[in-house]
Amino acid sequence: MTRVNPVVLRTRWLPDAVALVVAVVVAFPLYWMVLGAFKPAGEIESSEPRPWTTSPSLDSFRRVFGQQDFGRYFVNSLVVAGSVVIVSALVAFLAATAVARFRFRFRTTLLIMFLVAQMVPVEALTIPLFFQMRDFGLLNTLGSLILPHIAFSLPFAIWMLRGFVKGVPEALEEAAYIDGASRGRFLWQILFPLVFPGLVATSVFSFISAWNDFLFAKSFIISDTSRSTLPMALLVFYKPDDPDWGGVMAASTVMTIPVLVFFVLVQRRLVSGLGGAVKD
Amino acid sequence: MNLRTDLRWTPWLYLAPALILLGGLLVYPIYQLGLISFFHYTQAQVSGGEPTTFEGFGNYTELFSDSEFWQVLLATVLFASACVVSTLAVGCALAVLLTRVRAVPRLALMLAALGAWATPAVTGSTVWLFLFDPDFGPVNRVLGLGDHSWTYGRLSAFFLVLLEVVWCSFPFVMVTVYAGIRAVPSEVLEAAALDGASQWRIWRSVLAPMLRPILTVVTIQSVIWDFKVFTQIYVMTNGGGIAGQNLVLNVYAYQQAFASSQYGLGSAVGVVMLLILLAVTLVYLRLLRRQGEEL
Amino acid sequence: MKLPSRLAALLAAAAVVTACAPQTSTNSSSEKDDKSGTLRVWLFQEVGNKPKEKVVDSVVAAFEKAHKGTKVDVEYIPIDTRAQRVKAAFNDPKSAPDVMEFGNTDTAGYVKDGGLLDVTKEFGAWSEAKDTDPTAKTSVTVDGKIYGAPFYVGVRALYYRTDVFKDLGLEPPKTMAELATTARRIRAAKPDLYGLVVGGAYTYGAMPFVWANGGELATGKNGSYASAIESADAQKGVKAYTSLFTDDNCPAAKCAGMGGNDTITAFAAGKAGMAIGGDFSHTAVEAGKVKGEYGVVPLPGVTAGSIAPAFAGGNNIGVLKSTSHRTLAVDLMEQLTSKKTQASMFDAMGFLPTFADVRSQVAAKAPYVKPFAQTLAAGTKFVPASPAWSQIDSQLVLPTMLQEVISGKKDVAAASKEAAKKMNAAFSSVG
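Residue numbers (my numbering), protein chains in the order written: chain A, 1 to 280; chain B, 1001 to 1295; chain C, 2001 to 2431.
Be a bit skeptical, because a hint or two may be false.
To give an idea of the interface, some chain A residues facing chain B are shown, with a C-beta separation under 7 Å as derived from the structure [unchecked claim]:
| # | residue |
| --- | --- |
| 1 | L14 |
| 2 | D16 |
| 3 | A19 |
| 4 | L20 |
| 5 | P29 |
| 6 | L30 |
| 7 | S55 |
| 8 | D59 |
| 9 | T97 |
| 10 | A100 |
| 11 | V116 |
| 12 | A124 |
| 13 | L125 |
| 14 | S209 |
| 15 | V254 |
| 16 | F263 |
Here are a few chain B residues that face chain A, going by a calculated C-beta distance under 10 Å [said to hold, decoys possible]:
| # | residue |
| --- | --- |
| 17 | V1027 |
| 18 | G1048 |
| 19 | P1051 |
| 20 | T1061 |
| 21 | Q1071 |
| 22 | A1116 |
| 23 | T1123 |
| 24 | E1164 |
Don't read these hints as lab results, they were simulated from the structure. All residues carry an ideal CB built from backbone N, CA and C; glycine is no exception.
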């Protein structure tokens, strides 16, 4: 268990140093991945692995981008992840408000059901979902990826947002009604902005799981590969005979960057909003 | 407006979109999952090569009479517990650390953690496996371990996977708990610090109780995810380790059932997993309720 | 009135159960046989796929010319998603292709799934069919009926380092016992090399040891198989293989988890004196550090001058039952697996042809084929042609057995008995 030393004014630099060291340790595997993407083929599996390379090459990236339809896959992933995040956030916000702010029969049961939904191993559900997607006529379309992802990210989002909604004081709500605000106005113009940091946090999670998934893409996109997503492009490099490690690292780097960009964009929002949002 | 009737319908109105989506896309498949577990249902049945046959509890008997299932179950429980405890410890400690450092180190740690969180599980597993490679990996180099194989021994293989799981899971805990700490009124924290309480004491007596709702969510989520670990074990122990010594339940289900399209048996494992997780969660929630935490 | 109400309840329950049966798809043969339109083909994507694509393109061009009004749409599937997509194709005929390539160990399973079309008639009428290698023919036959055409075959032999052998004054081993002693001598003289690099998860590298000793994987045919892996002969073979995992040849800690590809990677990187590799490993080895310093001989059997029976892997091309272009699809299948195409495929990708005469043709052109052709001629073995094989394979029954012995968890007798139990359970579960 990591213990943080007692904060004494004299050793203010110690926590900073610890944080930096931890950051380096945590980032090292990432660095290794990016390094592997830039190493020329001969160096990757050499017997003298070095944490640097003297001849960085863009070859692996060329192989990744040169893949058939790579741009398409990228766009598909963006569309799927984006749709999932937006729809999921809105629906979960409404549902979380309902369970956090109102008392009604079955409230506890519903909450437990939302938890149960996350306990099933997803692989077990692919066949029933496959037939559903087929019956809805959604096979081989992006819809077959968007809908299940929304469904799978909702339970988690509702649970997380519930906490944030609860954190908004009831006094605020009462005051708003006294001032004559309608229910809808309170919901969207007062509660929504206050809970926004929480929405951002859960969006991050929905984005990652939709972005990195390949189980659904593998199972529901069969005949129309132009609808495939980015992780499938990554799998191509895992050839059984001779995995293209440079290609794997390059593809993984390409996959990780948009998520990091998304993070950086929302991180300031997330952290700054939190401080102010929940204070009385 | 009539507030009374208004109040009665409103929550259900808000819940409607969620219930429709979940009802259609989760409830039905989960129901099918339960149903399938009572049938002999393989690829041959699915694609129409053979008719389905009702098997009653046949799949469950087959499962429970396999001694390997019980070993794997025990291993999964122990492994998941270790992962949850480690992830929570690391995440909470770093969350507290984040509150005490200046902007630059905080940003560095946040970005590093978010990077770890963003890495696809397949890639993370491959990179960690490579870092610990007996011949080529830097870890053995730096620690001077020659060509010690981390994946050969049962415990060391589990340890390796645990490191990767903690690495990619702690950011979630860290960010969420950090957000929670930021929401605690600063006067409370300052008062405790002025009283000369140590960091650990502050955590234990002040922060943890105030963060209980968040810690509850984070713990339950971690338990669910770590119990269902698949990719990391599959990639890092080459499908379950030497002679299957590193199998966890999800990988076992894949190997025994899904890989050869025996969906009936696989669904039975899925149902068992669901019931176990449900039991654990309910017990945990009841404990909390007894401590006064309302759901 | 107890009886009728109980009966009613039972009937109701039965009705509920059957009404609530899990969803299935019907994959019955399509009635249509369009003589024009678009044919969809799924082929495997290989490492360095371009040469394969070129050959296929020329076959397709000739086919389209010969059949006016027909277009052929070829897709290359990466191996990782292959199994999933084939099953999805069986489940949704609308997404399915007309013709597809598949591994020969999958034939029985796919037939049971109801996905492959019975082409016994057409195959019998095909002029080139009579020259098909008998083992290749077995791999497309299930219950006496034919479900595809062999595309290429692959076998394994012994790769060895000519420079190391010259250095130590060694000769390629002529018996299995010699194989073990030679391996130990290599490692004793050069401790940084494995003698014979072997893998605990390398089933097809271990099987020749079992077969050479007279053991079998399973016995029986056409629907009822019984495991034979616990017989005394088979155990001898298992013992011979697992005794190679010692510190004086290939230490268990490093080698127990290796699969076939790992062993070839090690050999190509110059870390082993010998390895068991396939004709398909030729490219990888050529690209490695050991280029120009290795040779290949057939894997020796138990007695001097004999060759250990190898596993005849390979791919077939078949037509899906759901196709609506039956005649055209079968014709395309024959074109893709014809002698001419197979000869071109060898030039392009090094795939061994499934016709003995074409094989001797290419062996004359490329001498490296010789030991593999010899191995094929000496007689090869196949896995039990039962749909249970895919279960046995994915449950890692054989690798687990090998690894249990190697890691000392069980002795050979106990491990092979356990493996036999699992295999029999699989065989009986598919009926």
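Cross-check of the supplied hints:
1. L14: violated, 9 Å
2. D16: For A/D16, the interface hint holds, since the closest Cβ of chain B sits about 5 Å away, which is under 7 Å.
3. A19: Since chain B brings a Cβ to about 4 Å from A/A19, closer than 7 Å, the hint holds.
4. L20: holds, 5 Å
5. P29: holds, 5 Å
6. L30: holds, 5 Å
7. S55: violated, 19 Å
8. D59: Because about 19 Å separates A/D59 from the closest Cβ in chain B, which is outside the 7 Å limit, the hint is violated.
9. T97: holds, 6 Å
10. A100: violated, 10 Å
11. V116: holds, 6 Å
12. A124: With Cβ-Cβ at 3 Å, under 7 Å, it holds.
13. L125: Holds, because the Cβ-Cβ distance from A/L125 to chain B comes to roughly 4 Å (cut-off 7 Å).
14. S209: violated, 10 Å
15. V254: violated, 11 Å
16. F263: holds, 4 Å
17. V1027: Check passed: Cβ of B/V1027 comes within 8 Å of chain A, closer than 10 Å.
18. G1048: violated, 12 Å
19. P1051: violated, 16 Å
20. T1061: It is violated, given that the least Cβ distance between B/T1061 and chain A is near 19 Å, above 10 Å.
21. Q1071: violated, 19 Å
22. A1116: Holds, because the Cβ-Cβ distance from B/A1116 to chain A comes to roughly 5 Å (cut-off 10 Å).
23. T1123: Holds, because the Cβ-Cβ distance from B/T1123 to chain A comes to roughly 4 Å (cut-off 10 Å).
24. E1164: The hint holds - B/E1164 has a Cβ within 10 Å of chain A, the shortest such distance being about 8 Å.
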